[in-house]
Amino acid sequence: MDYMDNPNAPSSVPTAALFNNNMKRVVDATQDTWFSGRFTYATMQFWQQSEYGDEDRYVYRESMRQTQNTFYEVAENFREIIRLNEDETTKAAAAASGDNQNQIATCRIMLAWLFNLMVDTWGDIPYYSYGSDDPDFQALRVAGYGDDETVLSPVYATQAKIIEDILNELDEAADQLDASKPGIAGDNVFNGDVAKWEKFAQSLRLRIANKISGVNSSLASTHINDAIASGVFTSNADNAMFEYESSDKNASPMYRAWNVDNRSDFAVGHSFITLLKGENLVDHSHTDVTTGANPNPFQGIMDPRIHKYAQKNKNGDYVGMFISESSADAATFSIESLPGTAIIETPNYAETLMEYAEVCFIQSEINGWDQTWYEKGIRASMEKWGVADADIDAYIAAVPAASMETVLTQNYIALYMQGHTAWMNYRRTGYPKTLIQPYSEYSVYDPTADTWLDKVFTPLVEEVDDLPYRMRYPAQEQTLNGANRKVAADALSNGDVIYSKLWWDVN
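Residues in the sequence shown are numbered from 54 upward in steps of one, following this note's numbering.
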């Protein structure tokens, strides 16, 4: 016996346990108070900070940029599960957690989901591919681990190459899945349902292909048509959602923030509350703005999801949080509406990786702003959040017909708590138009005091005249992989800054 071993610890961990732990880690990292709360939720104005303001004004902390480190560690863990299912000395033991090929395919799907999120955040990045031997795909290369050599300074693959490979990976992974054989035992997304993992792969392929339709319409059309024909989500029962546990230790990130860490740093954003209330943003004239840059396409129509998305404040009103200029500025406001109880008071809240409503809105878009798919998307979103049938019917009867503006704005509303996808869609399309733009003035009404608070949204990055297009690379890359980072930064339109557009962002 090796005296360095722990006789009470298992000599090997089931791959199902490795997978579930890795899933929790990646969802924790992407949906926490930093990468979501202070980054994509604030950027897309779903939430604003009620204690601080720098990130709301586009100064993102280095620790947020370094979330990239966690993403690569998660990717390496998915790759390890693949190795355990392929290695002749371990694959039999791994099969106790599910069919070897199904485990490999499931990890390929999650690698595609993760790398797509990363490339949408930074642009060119070091990339790993299971199925391609492209010499530019150098991430995670380790000698003796299926690779000929260890690569400590991987090149940054281009966005175009990465996205094309991700689409191929999803196509191949879906074909690799075999629903007649067991999936990963007890996986905490679909509980081992292989057919649902296949639908997720095709739905994700639909999302990503639609994203690049403006820069590579031929490739996009091929994957869009094949994904739909192969079978995408058809109901909310197909939604890819990671459900947390009821214990505080393994509770959802926002529940832990409010109830374990005793933080209450966020409130629902002013522009989002205004949109849900069917109202328009108001400027310093305190006159309802019905025309101009950001009128509400659903004027006069209260969205019943507001009761799920937000809580009334202590006075019984829905009041959104403004974009604060400083901590002192934020402290002057105490009537903001907190996020809904399902989000911050439910420990086993399920975070969404992708849902049926989004698939509906994409199909409305690719079919010329189709009315049927538009209504299906609204209904699916409302049913997911538990809105009463009568309220759903009344809302759908009241909203204007499907158009580019109404479909994309409804997709934005449905993507609440999915900030990264909403950010991608904004960059791709320019919608919704209801957001507070940099350097614009707006006013927040205090119904209790019957007064207006006049504000101006002033970013801390002077060159920005729109929402950020990307996040800067982690600073450590200048030391650890400086030459390759420089090549990637130089390829960006303005260098490694938040106002350099990504390859597919041609809006």
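Bear in mind the hints are in silico, worked out from the structure with no lab data behind them.
Please note that the accuracy of each hint is not assured.
Taking lysine-lysine pairs in the DSBU-like style, the calculated list, with each CA pair at most 35 Å apart, reads [to be verified]:
{"no.": "1", "residue 1": "214", "residue 2": "234"}
{"no.": "2", "residue 1": "539", "residue 2": "429"}
{"no.": "3", "residue 1": "77", "residue 2": "508"}
{"no.": "4", "residue 1": "234", "residue 2": "330"}
Ranges between beta-carbon positions, derived for each pair [claimed, not checked]:
{"no.": "5", "residue 1": "546", "residue 2": "441", "range": "43 to 49 Å"}
{"no.": "6", "residue 1": "302", "residue 2": "206", "range": "33 to 39 Å"}
{"no.": "7", "residue 1": "449", "residue 2": "204", "range": "49 to 55 Å"}
{"no.": "8", "residue 1": "369", "residue 2": "206", "range": "36 to 42 Å"}
{"no.": "9", "residue 1": "365", "residue 2": "122", "range": "26 to 32 Å"}
{"no.": "10", "residue 1": "139", "residue 2": "367", "range": "25 to 31 Å"}
{"no.": "11", "residue 1": "144", "residue 2": "381", "range": "58 to 64 Å"}
{"no.": "12", "residue 1": "546", "residue 2": "271", "range": "41 to 47 Å"}
{"no.": "13", "residue 1": "365", "residue 2": "199", "range": "17 to 23 Å"}
We treat Cβ as the ideally placed atom computed from N, Cα and C, and that holds for glycine.
How the hints compare with the structure:
1. 214 / 234: Holds, because 33 Å separates the two Cα atoms, which is no more than 35 Å.
2. 539 / 429: violated, 46 Å
3. 77 / 508: violated, 39 Å
4. 234 / 330: Cα-Cα ~48 Å, so violated.
5. 546 / 441: 43 to 49 Å: holds, 48 Å
6. 302 / 206: 33 to 39 Å: holds, 38 Å
7. 449 / 204: 49 to 55 Å: holds, 53 Å
8. 369 / 206: 36 to 42 Å: Cβ of residue 369 to Cβ of residue 206: about 58 Å, so the range 36 to 42 Å is violated.
9. 365 / 122: 26 to 32 Å: Once the Cβ atoms are compared, 40 Å apart, the range 26 to 32 Å for residue 122 and residue 365 is violated.
10. 139 / 367: 25 to 31 Å: violated, 57 Å
11. 144 / 381: 58 to 64 Å: Cβ of residue 144 to Cβ of residue 381: about 60 Å, so the range 58 to 64 Å holds.
12. 546 / 271: 41 to 47 Å: violated, 24 Å
13. 365 / 199: 17 to 23 Å: violated, 56 Å
Going through the hint list in order, the structure does not satisfy hints 2, 3, 4, 8, 9, 10, 12, 13.
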